[in-house]
Amino acid sequence: MTNKVFAFFFTLLIIGSVNNKQLTYTDIYTTIQKIYYIKQKKVVNKIKVKLDKFYKKFLCKIREIVFTIYNYIDTLNYNFKNDLRNLE
1 MTNKVFAFFF TLLIIGSVNN KQLTYTDIYT TIQKIYYIKQ KKVVNKIKVK
51 LDKFYKKFLC KIREIVFTIY NYIDTLNYNF KNDLRNLE
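For the sequence shown, the working numbering begins at 1 and goes up steadily by one.
Calculated directly from the structure, the hints in this document are not laboratory data. Be aware that a few hints might be false.
Beta-carbon label-pair distances, calculated as ranges [claimed, not checked]:
no. : residue 1 : residue 2 : range
1   : T31       : I65       : 48 to 56 Å
2   : T68       : T31       : 54 to 62 Å
3   : F67       : I35       : 44 to 52 Å
4   : C60       : Q40       : 26 to 34 Å
5   : K39       : V66       : 34 to 42 Å
6   : V43       : N71       : 39 to 47 Å
C-beta atoms are modelled at their ideal positions from N, C-alpha and C, and glycine is treated no differently.
Build out the structure end to end from the sequences listed, making use of the hints.
Pasting the structure below:
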């Protein structure tokens, strides 16, 4: 647990004692779990966005390479047909 979690834990204890509420360990633990879940969800979303951007860039590069190869093969084919016609 980090210092922020400890600070949050003691803040909850102080708030609970000031408001004369009976805060139990499970209440504090569930709130900490919720905070960690939200943080993990944000991190996962950030990673997902970065992966999506990388995947799109990767697909664009693959398309360019395939298109270039296709054009090269097409020009070779065209040149070969012209050479055959010239031979006749």
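Hint check:
| no. | hint | in the structure |
| --- | --- | --- |
| 1 | T31 <-> I65: 48 to 56 Å | holds (51 Å) |
| 2 | T68 <-> T31: 54 to 62 Å | holds (56 Å) |
| 3 | F67 <-> I35: 44 to 52 Å | holds (48 Å) |
| 4 | C60 <-> Q40: 26 to 34 Å | holds (31 Å) |
| 5 | K39 <-> V66: 34 to 42 Å | holds (40 Å) |
| 6 | V43 <-> N71: 39 to 47 Å | holds (42 Å) |
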